[in-house]
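First to last, the sequence lines map onto chains F and V. Taking the working numbering, I'd label the letters of the first sequence as residues 5 to 141. Taking the working numbering, I'd label the letters of the second sequence as residues 5 to 141.
Just so you know, the hints here were simulated from the structure itself, not pulled from any lab data. It is possible that part of the hints are untrue.
Identical chains blur together in the list; that is why a pair holds if it fits in one copy or across any two.
Said to hold, decoys possible - For lysine-lysine, the following DSSO-like pairs were computed, each having C-alpha atoms within a straight-line distance of at most 27 Å:
id, residue 1, residue 2
1, Lys75, Lys117
2, Lys62, Lys25
3, Lys102, Lys8
4, Lys9, Lys102
5, Lys22, Lys117
6, Lys43, Lys54
7, Lys75, Lys64
8, Lys61, Lys9
9, Lys25, Lys75
10, Lys117, Lys25
11, Lys43, Lys103
Nothing here was measured: the structure is a model prediction, and the numbers come from that model.
Protein chains: 2
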Amino acid sequence: MLSKKTKYGIKALTYLAKTNKECPVQISEIAENENISVKFLERILLELRKAGVLDSKKGKGGGYFLARQPKDILMTDIIRTLEGPIAMVPCVSLNFYKKCDDCPDETVCAVNKLMIQVRDSSLAVFRNNSLEDLIRS
Amino acid sequence: MLSKKTKYGIKALTYLAKTNKECPVQISEIAENENISVKFLERILLELRKAGVLDSKKGKGGGYFLARQPKDILMTDIIRTLEGPIAMVPCVSLNFYKKCDDCPDETVCAVNKLMIQVRDSSLAVFRNNSLEDLIRS
DNA sequence: ACAAATCCTACTCACATTGTAGGAAACAAA
DNA sequence: TTTGTTTCCTACAATGTGAGTAGGATTTGT
Ligand code: FES
Ligand code: FES
Chain F
5 MLSKKTKYGI KALTYLAKTN KECPVQISEI AENENISVKF LERILLELRK AGVLDSKKGK
65 GGGYFLARQP KDILMTDIIR TLEGPIAMVP CVSLNFYKKC DDCPDETVCA VNKLMIQVRD
125 SSLAVFRNNS LEDLIRS
Chain V
5 MLSKKTKYGI KALTYLAKTN KECPVQISEI AENENISVKF LERILLELRK AGVLDSKKGK
65 GGGYFLARQP KDILMTDIIR TLEGPIAMVP CVSLNFYKKC DDCPDETVCA VNKLMIQVRD
125 SSLAVFRNNS LEDLIRS
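Please put together the full structure from these sequences, using the hints given.
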């Protein structure tokens with residue numbers, strides 16, 4: 005199940021991409037338009053900024069704005085930042101690999117082989133969708 | 005993240021498919037060979053039986069066995085039984101559809117459109133893999 | 001009758017998710 | 001330089017979910 009955090013993050017980013025403003029957009033504006041708790045969204049946008057997807061400006065007239073062009077922000081970036089691994093088991097994760105404690109040998113593990121296929125197919129979708137693709141469709 | 009329940013379920017089923025015995029196999033035997041808590045596995049196999057994937061025999065000499073041929077047991081059956089929806093958001097689930105409470109209109113929701121693609125690609129993998137495919141690879 | 005196995009419900013415990021509180025730091029404008 | 005506005009950051013609370021356990025009821029072969 006997709007976490008609310010990731011869901012809210014995607015919605016906030018699409019909001020920023022759609023309302024293609026020059027000036028920074030405040031958290032409260034995004035939260036209001038997308039029905040998200042202000043304080044929760046605040047933390048989410050902070051994570052996205054630290055990941056280099058967003059940039060921000062403090063003080064009066066401040067707010068958030070995209071750090072790159074929408075076409076250069078891939079879903080893989082967003083998902084990995086907010087949701088974590090794309091793979092369903094740690095042993096097939098490209099960016100968050102970890103051995104499965106309960107499988108003696110992953111080269112003969114049926115779950116491993118199945119989940120590699122699932123990872124690849126999901127990854128293809130996320131890689132193939134930029135923020136621009138999302139607001140176009 | 006794939007739950008332990010589903011992971012254990014798949015492993016138990018592949019064990020049954022591999023050790024292609026005539027007689028029923030006891031929970032304790034599967035649990036021991038696959039490093040699974042006996043009582044936890046007991047509940048899992050019960051769910052699979054209720055879903056029609058497994059069948060069982062009680063009393064002495066009893067145990068579990070596949071209800072169908074391995075090639076006729078698809079991953080979609082197993083995942084939906086143990087893990088629940090394949091989709092990452094309820095609004096794109098084929099078998100467990102539910103409206104998203106926080107999205108006013110799913111026809112204009114970017115998350116919805118993205119997750120439909122993810123669902124379709126995952127579904128293709130699960131539909132394309134039977135229990136027989138898993139033990140062959 | 002007895003032993004061996006599944007069946008079934010309820011319970012506990014640990015952890016993650018979701019959301020909130022409250023202030024510190026930066027910035028612009030008066 | 002003061003004031004108000006905004007992001008920044010940490011800690012906390014409430015809730016929900018996952019994982020595993022306990023204990024007995026039921027069925028079945030010998
Ligand atoms: S090795 Fe990771 S699922 Fe078996
Ligand atoms: S309608 Fe389900 S994610 Fe927006």
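- [ ] At 27 Å max between alpha carbons, let me know whether Lys43 reaches Lys103 within a copy, between copies, both or neither.
- [x] Intra 36 Å, inter 25 Å, cutoff 27 Å: inter-copy only.
Open item on the list: Within, between, both or neither: how does the pair Lys75, Lys117 come out at a Cα-Cα threshold of 27 Å?
Closed with: between (33 Å within a copy, 17 Å between copies)
- [ ] Have a look at Lys62 and Lys25 and pick one of within, between, both or neither, based on CA distance no larger than 27 Å.
- [x] within (17 Å within a copy, 68 Å between copies)
Open item on the list: Treating 27 Å as the Cα threshold, decide for Lys102 and Lys8: within, between, both or neither.
Closed with: both (25 Å within a copy, 16 Å between copies)
Task: Intra/inter-copy verdict for Lys25 and Lys75 if alpha-carbon distance must be at most 27 Å - done: within (16 Å within a copy, 55 Å between copies)
TODO: Pop the pair Lys22 and Lys117 into one bin, within, between, both or neither, using alpha-carbon distances up to 27 Å.
DONE: Between copies only: 16 Å across chains, 40 Å inside a chain, cut-off 27 Å.
Task: Within, between, both or neither: Lys61, Lys9 at alpha-carbon 27 Å - done: within (22 Å within a copy, 46 Å between copies)
TODO: State whether the alpha carbon distance between Lys43 and Lys54 is at most 27 Å within one copy, between copies, both, or neither.
DONE: within (17 Å within a copy, 44 Å between copies)
Open item on the list: With identical chains, the pair Lys117 and Lys25 could be close in the same copy or across copies; at 27 Å between alpha carbons, which is it: within, between, both, or neither?
Closed with: between (46 Å within a copy, 24 Å between copies)
- [ ] Classify it for me, Lys9 with Lys102: is the Cα-Cα distance of at most 27 Å met within a copy, between copies, both or neither?
- [x] both (23 Å within a copy, 19 Å between copies)
Task: Within, between, both or neither: Lys75, Lys64 at alpha-carbon 27 Å - done: So Lys75 and Lys64 fail the 27 Å test inside a copy (29 Å) and across (64 Å) alike.
Hint 7 alone, counting from the list given before, is not met by this structure.
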